Structures are given as structure tokens and as C-alpha cells.
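S.K.: Residues per chain, in single letters:
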Amino acid sequence: MSKLMNAKEYEESLRKLNLQVYMFGRKVANPVDDPIIRPSMNAVAMTYELAHRPEYEDLMTTTSHLTGKKINRFCHIHQSTTDLLKKSKMGRLLGFKTGCCFQRCVGMDAMNALSIVTYNIDKKYGTRYYTRFIEYLKYVQENDFVCDGAMTDPKGDRSLAPHQQKDPDLFVHVVEERKDGIVVSGAKAHQTGAVNSHEIIIMPTITMRAEDKDYAVAFALPSDAPGITYIMGRQSCDTRKIEGMTIDRGNMHYGGHEALVVLDKVFVPWDRVFMYKEYDFTTQLVESFAAYHRQSYACKVGVGDVLIGATQVVAEYNGADRASHVKDKIVEMNHLNETLYCGCIACASEGHREPSGTYLVDVLLANIHKHNVTRFPYQIARLAQDIAGGLMVTLPSAADLASPEVGRWVEKYFKGKSDIPTEHRMRILRLIENLTLGTAAVGYLTESMHGAGSPQAQRIMISRLVNMEGKKTTAKELCGIEKGDHLS
Amino acid sequence: MRNRKGRSPELKVGLKYCGGCRAGYHRVAAVERIRERLGDKIEFVSSDCVDCDFVLVVTGCATACVDTASFKGRPIRYIKSEDDVERFITEATGN
Ligand SMILES: Cc1cc2nc3c(=O)[nH]c(=O)nc-3n(C[C@H](O)[C@H](O)[C@H](O)COP(=O)(O)OP(=O)(O)OC[C@H]3O[C@@H](n4cnc5c(N)ncnc54)[C@H](O)[C@@H]3O)c2cc1C
Numbered sequence: 004m005s006k007l008m009n010a011k012e013y014e015e016s017l018r019k020l021n022l023q024v025y026m027f028g029r030k031v032a033n034p035v036d037d038p039i040i041r042p043s044m045n046a047v048a049m050t051y052e053l054a055h056r057p058e059y060e061d062l063m064t065t066t067s068h069l070t071g072k073k074i075n076r077f078c079h080i081h082q083s084t085t086d087l088l089k090k091s092k093m094g095r096l097l098g099f100k101t102g103c104c105f106q107r108c109v110g111m112d113a114m115n116a117l118s119i120v121t122y123n124i125d126k127k128y129g130t131r132y133y134t135r136f137i138e139y140l141k142y143v144q145e146n147d148f149v150c151d152g153a154m155t156d157p158k159g160d161r162s163l164a165p166h167q168q169k170d171p172d173l174f175v176h177v178v179e180e181r182k183d184g185i186v187v188s189g190a191k192a193h194q195t196g197a198v199n200s201h202e203i204i205i206m207p208t209i210t211m212r213a214e215d216k217d218y219a220v221a222f223a224l225p226s227d228a229p230g231i232t233y234i235m236g237r238q239s240c241d242t243r244k245i246e247g248m249t250i251d252r253g254n255m256h257y258g259g260h261e262a263l264v265v266l267d268k269v270f271v272p273w274d275r276v277f278m279y280k281e282y283d284f285t286t287q288l289v290e291s292f293a294a295y296h297r298q299s300y301a302c303k304v305g306v307g308d309v310l311i312g313a314t315q316v317v318a319e320y321n322g323a324d325r326a327s328h329v330k331d332k333i334v335e336m337n338h339l340n341e342t343l344y345c346g347c348i349a350c351a352s353e354g355h356r357e358p359s360g361t362y363l364v365d366v367l368l369a370n371i372h373k374h375n376v377t378r379f380p381y382q383i384a385r386l387a388q389d390i391a392g393g394l395m396v397t398l399p400s401a402a403d404l405a406s407p408e409v410g411r412w413v414e415k416y417f418k419g420k421s422d423i424p425t426e427h428r429m430r431i432l433r434l435i436e437n438l439t440l441g442t443a444a445v446g447y448l449t450e451s452m453h454g455a456g457s458p459q460a461q462r463i464m465i466s467r468l469v470n471m472e473g474k475k476t477t478a479k480e481l482c483g484i485e486k487g488d489h490l491s
Numbered sequence: 046m047r048n049r050k051g052r053s054p055e056l057k058v059g060l061k062y063c064g065g066c067r068a069g070y071h072r073v074a075a076v077e078r079i080r081e082r083l084g085d086k087i088e089f090v091s092s093d094c095v096d097c098d099f100v101l102v103v104t105g106c107a108t109a110c111v112d113t114a115s116f117k118g119r120p121i122r123y124i125k126s127e128d129d130v131e132r133f134i135t136e137a138t139g140n
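Which chain is which? The protein sequence lines are A and B, in order. According to our numbering, the first sequence holds residues 4 to 491 in order. According to our numbering, the second sequence holds residues 46 to 140 in order.
This is chain A alone, in the form it adopts within the complex (with noise of 0.2 Å):
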């Protein structure tokens, strides 16, 4: 049996990791009680406790191709169009269970990229990168770990290829090679769940030519190896994490994180190095990784039904809910989200067979499934907004409402519906600003938009994919342009 561990032991397995972690200027002695990385930690929590429970388990565990044992679906490498379909499906369960980003998606997605690509550079060059891999992910099912899927670099002056940086460690490089392993200098930005994270898995981020050979790398590290540091992205409202009251939170338990990982002259064993300078393999790796991780969008729709939820819950608070252009909009919003899953679906039914025998998404599909999530989210926080009303953006602070002096103002002015507390009208504005303005909103709008690529990157691969010759000859042979093998 391998690990399967629960939330407890998630957390405990951190507590053994010696990170270095600074947040605000200073070191954080202990990530996993910071109050303000807390609740990131719960998120990925969330997808270890469900593992356990049986109402959740047929989407959470499954089993092993490798060692036939029960594993968290996380840890999984997709056998089957089944699996990417279980994949979009746990996505939206664990973003309607938390409300925000769970974090733990781009280390599966690293992990079945590098399935792939390992085995094919393999048959081209004879090197032996599958092997490596397949041993590196047992130990990562094993331990039932999180992986940190780390592909973006910082990236410097965006017209410059890496070589031609000022700074060579705008995009992470080898800077030597050794007998036991490769030295390696550089950083990864906007890292997803870094601090919550086992293990790292870096990737390039881009396509290398011959000149960049340095930095077509990937490979995999603890995550608190020698020579990394991870320094916290700060997310608006963070700080309302430590005032000591819950409802400006919004969201009480659940949130997410990104942090800069930088890689000063780390050590990286032979053994866990999985491309070495075959920079014709790093499209293949770039556009797989990011199949995947655009399929993996479907988080966005179970944090999509949360807000809707909350829209229709303030709509009744505020006595509104029987409008028919409240209920229209709540359809619009519904609508919007069930088609961010039709793309998610779509993509996973439609997968096939890698030669490695990985099911890779349908990559088209999946690019049009992330354009759309680079859109909807922000329409359906709009018609969020729109509902709430004005006072989600200037509601005095939960201690207004217990002041001694003036929170009989506050309870009187901010009361919707006679018979509903104004504390939970409170509490339910403050959840919406949460998703669509404050720390949520990182994930559940941003996130949307540049995460796992910005809206040019899909929109280049949906221009290289469609069948546009296919299209055109079609349209010809109906108007008469040319023949074809049509009826009468």
C-alpha cells in the first residue's frame, strides 16, 4: 500500500520540510501556521482529506499503472480518456469545495507532460530520461507527494530570446556540469502552491533553439533543496488574514498562493533530470504541459458555482431574487459556467494515446476551453458585482459591526431582509469581494487570464490547429468553386 495521507498528515509532512520562506521582507520561521499562507495549505489539504472519504473517492484515488496500488488521483499518469475525464471532473469538485485554487494541478500535469516527452526523446537520441522519470514517479506516488509544476520563468525583455539577456538568469540555465549531476541558477515566478509543495518540477518555458541549449532543462528537486528560496507573492486583502476577525476574510478557510522560487547554483542529481540540452524537445514538452494545464481550468467552474451561489443567497438577502432581470442574470452566469465545462469535458473525451501510452487532452480543444476561461470567469464576476450591489466594495470592517459605539449603525443601515442577520449580508458580500476583488480573485480572475498561458498563447495554437485548408475546400466545392463528391 503506498502512502495515501490524510489532511493531518499532509500538513505534518511539511512541517518536515526546511524551507526558506519570506514573506514581507522577513524570514517565516513556520509556513504551514503563518496565518496568511494558512489557508493555501488547507486548499491542498482538501484534496488529501477527500481521497479518504468515500462520497469523493471514485473521482480522488485511483490505481497505479505502475505498482497497481490505490493513489491519489494527483499523483496519476491518465491511462485512458476516462482519466482526463476524471481529472476535469475532480477539478471542479475540489474548486467548488474551496473556492479558490488548490494548487495541486500543475505538478499532474508536469508530471504526465514529462511522460510523454521523456519517452520520445528517448527513442530519438537512445538516451535514458523514461526510465529515470517512471522512477522518480513512483517515489512521488509513493509518498503520495505535491509537485510544484514550474515552467515560467521570469523572462527579462520579452523581444530577447534567453541567451540574449543582459542577465543570463532571467530564465533558468545550467551554469555546470559534474560527474554526479548539473549545477543550475535562475528562478521560477508566479509559482502555484510552491511553499505547499514536496517536490519541484522545472521545466523551460518557452521554445529553445540551438543558441539556448543551456536552458533546455528539466528536472525535479526537493523542494527544500540547497540553494532555493521562495518569496511570496502578496495578494490584494491578504492582511485581513491577520486582523483576527473572520468575516472580512471572506472565504474563512481556503485560499491559494504563488511565490518567486529562485535557484541559486543548485545541485541537481543525473538521476533526476529529465531533458539536458535537446532543445528540439522543448515544444513538445512547452505545448503538452500546457495542454494539460489549460484542461485543468476546470477548477475555475466549481469556484464559478460558489459565486454563483453567493449571488443568488445575496440576491435573496437583499430582496431582490424575484426580479426577473436578477434571475435572467443568474441563468447568464450559470450559462457561462456549464459552458466553461462543456470545453473541459470536451477536451478529455476527446483525448488519445502518446506512444508512452499517456493520454494526452484533445490540444485544440483544450486551447479553446482556457480562451474561454481567460473570459467568463471576469462575465460571470461582473453579473456578480451587479447583483451584490455597491456595498461589497464599501461595507465598513467586520470590527465596525462589533464596535461598542457604532455597530448598532452598522447592524441597522447594512440589515437587507428583516428576518436575515446583517452579519451574514455582511458575510456573503464579503465572499463575493473575495473572489471577484480580493485574494480569490488572484485565482479565479488573473489566474484565468494568464495562467497556464495568456489569451495570445491559445489563440497561436488554435490559428496552428484547425483544419483551415479543410474549411476552405469545403466551402469552395458547396458554392461551386470547386467539385467534390457531393450529393446530385
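Worth flagging that the hints you see were computed from the coordinates, not collected in a lab. Hints may contain errors.
[To be verified] Pair ranges (Cβ atoms, derived):
hint, chain 1, residue 1, chain 2, residue 2, range
1, B, THR108, A, LYS169, 49 to 57 Å
2, A, MET452, B, THR108, 26 to 34 Å
3, A, ILE463, B, ARG80, 50 to 58 Å
All values derive from a computational prediction rather than experimental measurement. Quick reminder that beta carbons are idealized off the backbone N, C-alpha and C, glycines included.
Go by the hints and put chain B with the ligand onto chain A.
M.R.: What follows is chain B with the ligand alone, placed relative to chain A:
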């Protein structure tokens, strides 16, 4: 296997849930309702159980994507909605 009152239940049922990604009703509450309404008549056991009368698969929607491969050869019954819950209870109680 005997229940709390020392009698053998009429139905020994293996219980399996789907993953519940967008359940149209509360699956766990539905099973609780069955348990309450059928009382001593039913005993829910793990779906691994080989000597149960059947496996009851409780799914949140009609897609029923739950993995039933391990139940091969064993009778399976499905609950996919609230209506199915009532139907199941009616059949089991005979009214
Ligand atoms: C909340 C969040 C979580 C994330 N989590 C992860 C993670 O876990 N792991 C990970 O690896 N990454 C993660 N990312 C990073 C994400 O993949 C990047 O944000 C994305 O690839 C865009 O890169 P960028 O942010 O550097 O923006 P930029 O690349 O600077 O893009 C900004 C704009 O400039 C345009 N642009 C950029 N370069 C060019 C160019 N050369 N030519 C023309 N136009 C250009 C883009 O199209 C875009 O419109 C996360 C991002 C966010 C916001």
C-alpha cells in the same frame, strides 16, 4: 452479520458513491434517508464486500461515471436522483 437489535438485516448492501463533481442532490443525505427509513431492514457495508445482496451505486447525476469494474459479476443497483431514492425505499418496504 447482525444489526443493533441482534437481527439479521433483510438486505446487506455494498455502498459505492460516484465522485460527486456536480451532484444534483445530496448523495450522503440520500443514503442517510434510506438508512433511516429502512431501519433494521438494511445494512450498508463496504462495496468490497463479496457476500452482500447487491452493490448500491449512488451517483450525483445520470452520467454515472463511477468505476464499477471491481463489481463485475455482482448485482448492481443505481441511485441517480432523488426520485430513485424514493423508488428504492418503496420497493424495499413494499409500500
Ligand atoms: C495566479 C497565477 C498562477 C500561476 N501559476 C503558475 C504555476 O504554478 N507554474 C508556472 O509555471 N506558471 C504559473 N503562472 C504563470 C503563467 O503561466 C504566466 O503568467 C503566463 O505564461 C504569462 O506570463 P507572464 O505573466 O510573464 O506575462 P507576459 O509574458 O509578460 O505577458 C504579458 C502580455 O504580453 C504579451 N507578450 C509577452 N511576450 C510577448 C512576446 N514575445 N511577443 C508578443 N507578446 C508578448 C502576452 O501575450 C501578454 O498579453 C501563473 C500565473 C498566475 C497569474
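S.K.: Indicate, hint by hint, whether the structure satisfies it.
M.R.: Hint check results:
1. B:THR108 / A:LYS169: 49 to 57 Å: The hinted range 49 to 57 Å holds for THR108 (chain B) and LYS169 (chain A), with Cβ atoms some 54 Å apart.
2. A:MET452 / B:THR108: 26 to 34 Å: 31 Å, holds
3. A:ILE463 / B:ARG80: 50 to 58 Å: At 55 Å between Cβs, range holds.
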